Amino acid sequence: MDTAYIGKSRKRVDGVKKVTGSATYAGEFKPEGLVHGYVVNSTIANGKIVAIHTGKAKMIDGVLDIFTHENLPDDVRQNVDYTDPLSPPGHPFRPLYNDQVLYNGQPIALVVAESFELARYAAGLVEVEYLAEECTTDIKKNMGNATTEGVEDTAPDRGNAELSYANAAVKIDVEYSQPRHYHNPMEPHVSIAEWNAKTQSFKIYDKVQGVNSSQEYICGIFNLDTENVQILSPYVGGGFGSGLRPQYQLFLAAMAARELQRPVKVSLTRRQMFSFGHRPACIQQLQMGASKEGKLKSIIHKAYGETSKFEKYNETIVDWSGMMYQCDNVKLEYRLIPVNVYTPMDMRAPGGATGMFALECAMDELAIKANIDPLEFRLLNYADKDQNEDKPFSSKELRECYRQAASHFGWYNRHTKTQIKDDSILVGYGMATGCWEAMQQKSSAKAVLTSSGKLVVSSSTADIGTGTYTVMSQIAGDTLGIAMEEITFQLGDTSLPKAPIEGGSWTVSSVGSAVKAVCNHLKKQLIDLAKVNVDEDLDHVNYDEVSCTDGTLLFPNGTLINMSTLLLTAGLDSIEAENALEPEVRQEQYSSYAHSCVMVEVHVDKDLGMITVPRVTSAIAGGRIINPKTAESQILGAITWGIGMALEEEGMIDDRSGRIMNANLAEYHMAVHADVQQLNVLFVEEHDDIVNPLGAKGLGEIGIVGVASAIANAVFDASGKRVRNLPITLDKLLE
Amino acid sequence: MNDFNYSRFVDIGQAVDDLTKKNYAKPIAGGTNLLDLMKYRVENPHYLLDVNRLPYREIVEASNGGLRLGAMVTNADTAYHSLVEKNYPLLSKAILSGASAQLRNAATNGGNLMQRTRCYYFYDTATPCNKREPGSGCSAFGGFNRIHAILGTSDTCIATHPSDMCVALAALDAEIVVQGGEGERRIPILEFHRLPGDTPQKDNHLKSNEIITFIDLPAETYNQNFAYIKVRDRPSYAFALVSVAAAMKLTDNRIENIRVALGGVSHKPWRLPQVEEKFVGKEANNENFEQLAEELLDGAQGFGDNDFKIKLAHKTIIRALNEARTL
Numbered sequence: 001m002d003t004a005y006i007g008k009s010r011k012r013v014d015g016v017k018k019v020t021g022s023a024t025y026a027g028e029f030k031p032e033g034l035v036h037g038y039v040v041n042s043t044i045a046n047g048k049i050v051a052i053h054t055g056k057a058k059m060i061d062g063v064l065d066i067f068t069h070e071n072l073p074d075d076v077r078q079n080v081d082y083t084d085p086l087s088p089p090g091h092p093f094r095p096l097y098n099d100q101v102l103y104n105g106q107p108i109a110l111v112v113a114e115s116f117e118l119a120r121y122a123a124g125l126v127e128v129e130y131l132a133e134e135c136t137t138d139i140k141k142n143m144g145n146a147t148t149e150g151v152e153d154t155a156p157d158r159g160n161a162e163l164s165y166a167n168a169a170v171k172i173d174v175e176y177s178q179p180r181h182y183h184n185p186m187e188p189h190v191s192i193a194e195w196n197a198k199t200q201s202f203k204i205y206d207k208v209q210g211v212n213s214s215q216e217y218i219c220g221i222f223n224l225d226t227e228n229v230q231i232l233s234p235y236v237g238g239g240f241g242s243g244l245r246p247q248y249q250l251f252l253a254a255m256a257a258r259e260l261q262r263p264v265k266v267s268l269t270r271r272q273m274f275s276f277g278h279r280p281a282c283i284q285q286l287q288m289g290a291s292k293e294g295k296l297k298s299i300i301h302k303a304y305g306e307t308s309k310f311e312k313y314n315e316t317i318v319d320w321s322g323m324m325y326q327c328d329n330v331k332l333e334y335r336l337i338p339v340n341v342y343t344p345m346d347m348r349a350p351g352g353a354t355g356m357f358a359l360e361c362a363m364d365e366l367a368i369k370a371n372i373d374p375l376e377f378r379l380l381n382y383a384d385k386d387q388n389e390d391k392p393f394s395s396k397e398l399r400e401c402y403r404q405a406a407s408h409f410g411w412y413n414r415h416t417k418t419q420i421k422d423d424s425i426l427v428g429y430g431m432a433t434g435c436w437e438a439m440q441q442k443s444s445a446k447a448v449l450t451s452s453g454k455l456v457v458s459s460s461t462a463d464i465g466t467g468t469y470t471v472m473s474q475i476a477g478d479t480l481g482i483a484m485e486e487i488t489f490q491l492g493d494t495s496l497p498k499a500p501i502e503g504g505s506w507t508v509s510s511v512g513s514a515v516k517a518v519c520n521h522l523k524k525q526l527i528d529l530a531k532v533n534v535d536e537d538l539d540h541v542n543y544d545e546v547s548c549t550d551g552t553l554l555f556p557n558g559t560l561i562n563m564s565t566l567l568l569t570a571g572l573d574s575i576e577a578e579n580a581l582e583p584e585v586r587q588e589q590y591s592s593y594a595h596s597c598v599m600v601e602v603h604v605d606k607d608l609g610m611i612t613v614p615r616v617t618s619a620i621a622g623g624r625i626i627n628p629k630t631a632e633s634q635i636l637g638a639i640t641w642g643i644g645m646a647l648e649e650e651g652m653i654d655d656r657s658g659r660i661m662n663a664n665l666a667e668y669h670m671a672v673h674a675d676v677q678q679l680n681v682l683f684v685e686e687h688d689d690i691v692n693p694l695g696a697k698g699l700g701e702i703g704i705v706g707v708a709s710a711i712a713n714a715v716f717d718a719s720g721k722r723v724r725n726l727p728i729t730l731d732k733l734l735e
Numbered sequence: 001m002n003d004f005n006y007s008r009f010v011d012i013g014q015a016v017d018d019l020t021k022k023n024y025a026k027p028i029a030g031g032t033n034l035l036d037l038m039k040y041r042v043e044n045p046h047y048l049l050d051v052n053r054l055p056y057r058e059i060v061e062a063s064n065g066g067l068r069l070g071a072m073v074t075n076a077d078t079a080y081h082s083l084v085e086k087n088y089p090l091l092s093k094a095i096l097s098g099a100s101a102q103l104r105n106a107a108t109n110g111g112n113l114m115q116r117t118r119c120y121y122f123y124d125t126a127t128p129c130n131k132r133e134p135g136s137g138c139s140a141f142g143g144f145n146r147i148h149a150i151l152g153t154s155d156t157c158i159a160t161h162p163s164d165m166c167v168a169l170a171a172l173d174a175e176i177v178v179q180g181g182e183g184e185r186r187i188p189i190l191e192f193h194r195l196p197g198d199t200p201q202k203d204n205h206l207k208s209n210e211i212i213t214f215i216d217l218p219a220e221t222y223n224q225n226f227a228y229i230k231v232r233d234r235p236s237y238a239f240a241l242v243s244v245a246a247a248m249k250l251t252d253n254r255i256e257n258i259r260v261a262l263g264g265v266s267h268k269p270w271r272l273p274q275v276e277e278k279f280v281g282k283e284a285n286n287e288n289f290e291q292l293a294e295e296l297l298d299g300a301q302g303f304g305d306n307d308f309k310i311k312l313a314h315k316t317i318i319r320a321l322n323e324a325r326t327l
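Top to bottom, those sequences are chains A and B.
Sequential numbering from 1 applies to the first sequence in the UniProt record's numbering.
Sequential numbering from 1 applies to the second sequence in the UniProt record's numbering.
A few of these clues could be false.
Below are the DSBU-like pairs computed for lysine-lysine, each with C-alpha atoms no more than 35 Å apart in a straight line [as the list claims (entries may be wrong)]: (1) B:Lys249 to A:Lys56; (2) B:Lys22 to B:Lys207; (3) A:Lys421 to B:Lys249; (4) A:Lys58 to B:Lys22.
Some chain A residues well away from chain B (every beta-carbon gap over 12 Å; in silico) [claimed, not checked]: (5) Leu131; (6) Gln230; (7) Arg270; (8) Glu400; (9) Gln441; (10) Ile561; (11) Glu584; (12) Val672; (13) Gln677.
Since the hints were made in silico from the structure, they are not lab data.
Note that this is a predicted model, so its numbers are computed, not measured.
Every residue, glycine too, gets a C-beta built ideally from N, C-alpha and C.
Assemble the whole structure, with the sequences as input and the hints as a guide.
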């Protein structure tokens, strides 16, 4: 492939629109007659609603209606299908379905008024009487209720992990825990729904990571065909997984719009952004054994994840321990603990960020116990194949990640570095491996080339801030030899060819491959046109022998044919192609993962316990990098998040009430600018022609994996204190 | 948020008059705390009296050699004012360690004194809180109290005052000038805020019809030997777990005068002048600092999550005193 664009840093094609405010996000559309809904949330975590008094609120001038479980339209209540494509096993939550309260913060009423302020004011006048029952939200207290029901199988056990553990020369037996984490994208969730009574159809603007998910959800609930539900989501102000499943504001906006026959907007407040899915709290136990020489002999990894009382949210936490390192004796176990919370959701590197946190801390503990350098220890146990699946890797340049990170960071100065700086500051180095799946999903795309030389490529995918608009334009531009300025990429609309939800770091892999394929189709059509309309001598030319550049086809015999001229010659205004691309079957013979090595320096105040992270180096093997600029941006954001995960983030749910007590950005601490000092991202060259036609592995998630463990390991290196429960706040370091 | 009336004042007399006559009126300046509280329905004033245009928007030298800070000057303008930077660097440092640049640009000096606690339960109307709803109970007992007080607490409330600025003002012996129905009065900073006792709903001794007009800083500047150390969970936009403002006058390493004020540990900036006095004339050394810390924290009590603060406060005091000594 000619690479005028791929592999080159390009500014975001939507950058100017975003910084000038002309990019219209879901909540910014203003259909004629728009009214506003404000959600009332429950203040108990378990029990039932005895009465909802809406009289005072209804008397406010401008309040149009108040929806509760008492007046939910019958047909909506009777529909059973509230599932979405990512519904875990169990029963999906149905807003306003009945008087039962399943978690604190559950939406129990929607006040619709002429303005947001009026709706909010009136919502405050709604009085609710409850019959509260005991609630429980602490997974540690509920270890006895851990269940395998609805839990997906882990990777198979192998060897005899218990026996090898018992016989191992060096061993550790440790428990790690982490609290709930909340996504908190800058743009809160919002939906604007318009109902057309004549055609019995919805047009909905929704903040979501996949319009097709919202479409399926709305179709199920309102018993509509897909052609009667259009979902639009042209720009998304961050998702991180929170937009993978439709949220309650979508249901409420749609239901109210249909009942009131007016467009309804429902946006969530920051506090309400803490009232749905989150990265689940988790407890992990690891027993690991090695020989004196540092060869892994046994890994036993058990994880206990939080879930709701109504769905069994699964994530892959323990399988990483069977795959990351060469070890013949592995035992994996995963259990769920249902408590009175909303169902957890995927959050950036779901399962991976969690499981690799524990594994990579445990690897550090074992290396130190075996008196082997942590990096050396990982190299000693390097896995050249995926033992979970007994498959080779489609590519794995992790050794090179280790080498480049170590060299750039100065890892081997570890023992000669200054241990103490300024009397009171302890210096520590830590490292960890990162890993994330490289997946390709079935995806469709359409391309239209006009005789004026404009190319429009489209797919129903999303751009959650990752740069989809930009990289797809790069891929299309290179495939067809058309300048990016002449290309428009369209997304976030269910009327476009169907793409998978934007998650799993698979958008470039899946949609990008589909874009490449559909542009290649168009190229073939152009060549065929040339053969018919221009020169019959070209008949014998193979498609592959023709290259495209500057809007021109270049044939092996030197013939140059301008694409626009060709279309005009053929009497065509435009040509188009549409296709759906599935992963190639041969991929199944391989395991595909992106890898990373994260190295960090931390400074710990030896008296006061305050931790800072002056330096992070992350070396990433992510296959082909389509756009180094947007790619680096992904990794920088993910490292920053990893700093917060290690040191700050904690969703604090009071076990007495099941209420989250720090549901705002002042008290729910995440990393801020002042936390970020020197972040270095290195992309390691990695060729992979198996993973997908682009050779790109996806970078949305790999950047966060390992960061928290590298920091925890560095804190140990600095202070001699092993903190196994995140976040590592300063009180945990005080003697 | 409730419906409210809004009016703007340029004359203090009229503002005080309105404050006296109107039922549930609240002065608003930067609004960085009050607006949040209104959105959470913790505060539901019927009237907002905008005091931003009252004539207290300057920082001027006082005839006694001190400095007079207008109540409506922003925290940012105060911290970066050349006379504050030069003569009261302790105050400057304390202000700049608080909140975020954006908040400091909006928040005023008067408002900083009036900001309310960050206790999680105070902000959530669905949970009991004696400060918000007297008699309803205190959820921080047995709940999340990692950020709560260890000194001067009562059975009804263990909330802290969250300000950084006020901790420096306490060390500097600032005076708060207020204007009310009965005219002007001066309140020493240590008598401005209250301990919770059995009326935790009252944060301070300001009367319901009084408006803060100035903060007067005495001529004694402490710009040679001072420190402000703030211990917090992240390096910006986080309230103090413990903060210490230390200031001293030294002659040949002997303490001529010493001030230590603590933040994040009590319902008000914590300072014990009677303890400080004992160290006058003594050598500024670690042994005496340890002794001072011990006495300042006498009677400190943790409530579970915040037990660590006792030791942390001790270490922070020592750090601050050593930093002040060697500056």
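Going through the hints against the structure:
1. B:Lys249 to A:Lys56: violated, 63 Å
2. B:Lys22 to B:Lys207: Holds, at about 14 Å.
3. A:Lys421 to B:Lys249: Roughly 29 Å between the alpha carbons, so the hint for A:Lys421 and B:Lys249 holds.
4. A:Lys58 to B:Lys22: Cα-Cα ~28 Å, so holds.
5. Leu131: holds, 16 Å
6. Gln230: Consistent with the label, A:Gln230 stays out of reach of chain B, its closest Cβ about 34 Å off (over 12 Å).
7. Arg270: violated, 10 Å
8. Glu400: holds, 34 Å
9. Gln441: The claim stands: A:Gln441 keeps its Cβ more than 12 Å from every Cβ of chain B (closest is about 37 Å).
10. Ile561: holds, 57 Å
11. Glu584: Nearest chain B Cβ is 46 Å from A:Glu584, so the label holds.
12. Val672: violated, 5 Å
13. Gln677: violated, 10 Å
Violated hints, listed in ascending order, are 1, 7, 12 and 13; each of the other numbered hints is respected by the structure.
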